[in-house]
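Colleague: Everything in the sequence shown is counted per this note's numbering, starting at 6 for the first residue and increasing by one.
Calculated directly from the structure, the hints in this document are not laboratory data.
Any given hint might turn out to be false.
[Said to hold, decoys possible] Computed beta-carbon distance windows for the label pairs: (1) Thr137 to Tyr238: 22 to 30 Å; (2) Lys258 to Thr366: 14 to 22 Å; (3) Lys248 to Ala342: 42 to 50 Å; (4) Thr375 to Ala154: 55 to 63 Å; (5) Lys248 to Pro345: 34 to 42 Å; (6) Phe346 to Thr137: 29 to 37 Å; (7) Asp129 to Val251: 38 to 46 Å; (8) Met372 to Leu326: 44 to 52 Å; (9) Lys197 to Asn133: 28 to 36 Å; (10) Thr366 to Gln155: 55 to 63 Å.
C-beta: ideal position from N, C-alpha, C; glycine also.
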Amino acid sequence: METLKEKKVLVSGASFAGLSTAYWMNKLGYKVTVVELANGLKKGGTPVDIREQTVDIVRRMGLLEQIKANSLRMELMEFKNADDVTEGSMKLQNNAEDSTDDDCEIERDMLLSILFDTVKSDVDFIFNNSITVLTETDETVQVTFKDGAQQSFDLVFGCDGLHSTVRKIWFGPETDYSHFLEQYFSITIVNKLLIRQNTSQLYNVPGKAVILNAYNNKTDIVLCFFSEKEIPYDYRNEEQQRKIIVEQFCSQKSWRIPHLLDEVKSAEAFYFDKLCQIKMPSWTKGRVALVGDAGYCASPAAGMGGSLAIHGAAALADAMLKHDGNYALAFQDYNTALRPFIEEVQANAVNFGLNMLVPRTEEAIRMRNTQTDHF
6 METLKEKKVL
16 VSGASFAGLS
26 TAYWMNKLGY
36 KVTVVELANG
46 LKKGGTPVDI
56 REQTVDIVRR
66 MGLLEQIKAN
76 SLRMELMEFK
86 NADDVTEGSM
96 KLQNNAEDST
106 DDDCEIERDM
116 LLSILFDTVK
126 SDVDFIFNNS
136 ITVLTETDET
146 VQVTFKDGAQ
156 QSFDLVFGCD
166 GLHSTVRKIW
176 FGPETDYSHF
186 LEQYFSITIV
196 NKLLIRQNTS
206 QLYNVPGKAV
216 ILNAYNNKTD
226 IVLCFFSEKE
236 IPYDYRNEEQ
246 QRKIIVEQFC
256 SQKSWRIPHL
266 LDEVKSAEAF
276 YFDKLCQIKM
286 PSWTKGRVAL
296 VGDAGYCASP
306 AAGMGGSLAI
316 HGAAALADAM
326 LKHDGNYALA
336 FQDYNTALRP
346 FIEEVQANAV
356 NFGLNMLVPR
366 TEEAIRMRNT
376 QTDHF
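Between the sequences and the hints, there should be enough to build the whole structure, so can you do that?
Modeller: Right under this line is the structure:
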């Protein structure tokens, strides 16, 4: 590989895609800077599955044993009716104590901390800042930051999520690539157990879903609803988002919904967004590449957000290694080699994930509840 010690790369975003990309670029010999809009790591979110190809990747990163040591012991998912009767259940097969393979599930914040601790001594971090302008020259990308500072980098990686700033600046508006899946969802995390530890419960009425995940003495409350039309909202306005989710569910008096809405109204940890996928003809242009949700979000219905980001960062690094740091050839390879896997994951999210989580009729709910007995 050509000498890289003097080559600099900028990673936008300090979540799974960004930290994983930073790890691999540092491993390849680049001087890596990560810029993150938040004033620290963004905490909160549902657990992350590490399975199949992602297991091999975190093993290559030397992180598998640490991840397994901190993995969750989720045991059971129960499908509830309005009277809190369990109509069906699925044994979850990521119970680390029983597992015969290396697939596991880990709390999102724990995995984020593991990745950050792995790179923090070798990578420069700039928090509370973001990219505002990108200008490509023959040899570099000139970057202007929110605080007015300017620097040049050999490559820029947009790892900044579904609402990517890098994608907007360099590839065009989000509407060009976002495909709405006719669902909205919220995640609320409360620091207490609302159901038995290490279990999940799912309750549906047609077009709506309530999911509870209990682990590590906390509970995730996930609310999801069908909407044929997009609802206008500001993804930075949390008060507006809470109002939308409460209005959608306030007429539902069945199961635990009224109590859960009280928790949603008062909890500090809250996230809301539409379910959508990002589909692009190319994840690269010039010296800029997108990784993770910024380039190929599959939506939470895929159940692979964090692991897909880790997978994508490794695919990019493998392409860079294969082509001796020739970014043009590497980016072309990255686009070609990873695409079939991404398309499969996105298709599965639509064809299976959405129907599994949010059935649209009472009959579909009953069939799901009574016919599924294992993952």
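Colleague: Tell me if the beta carbons of phenylalanine 346 and threonine 137 are separated by a distance inside 29 to 37 Å.
Modeller: holds (33 Å)
Colleague: Verify the CB-CB distance for lysine 197 and asparagine 133 against the hinted window 28 to 36 Å.
Modeller: Hint holds: Cβ distance 31 Å, inside 28 to 36 Å.
Colleague: Check the following: the C-beta atoms of aspartate 129 and valine 251 are separated by a distance inside 38 to 46 Å.
Modeller: Holds: the Cβ-Cβ distance is about 42 Å, inside 38 to 46 Å.
Colleague: Is it true that threonine 137 and tyrosine 238 lie within 22 to 30 Å of each other by Cβ?
Modeller: holds (24 Å)
Colleague: Do the Cβ positions of methionine 372 and leucine 326 conform to the proposed distance bound of 44 to 52 Å?
Modeller: holds (47 Å)
Colleague: When you take the CB atoms of lysine 258 and threonine 366, is the distance between them in 14 to 22 Å?
Modeller: holds (20 Å)
Colleague: Range hint 42 to 50 Å: satisfied by the CB atoms of lysine 248 and alanine 342?
Modeller: Given a distance of about 44 Å, which is inside 42 to 50 Å, the answer is holds.
Colleague: Taking the beta carbons of threonine 375 and alanine 154, is their distance inside 55 to 63 Å?
Modeller: holds (59 Å)
Colleague: Taking the beta carbons of threonine 366 and glutamine 155, is their distance inside 55 to 63 Å?
Modeller: With Cβ atoms ~56 Å apart, the hint holds.
Colleague: Note whether the CB distance of lysine 248 and proline 345 lies within 34 to 42 Å or breaks it.
Modeller: Distance hint for lysine 248, proline 345 holds at roughly 41 Å.
Every hint, counting from the list given before, is met by this structure.
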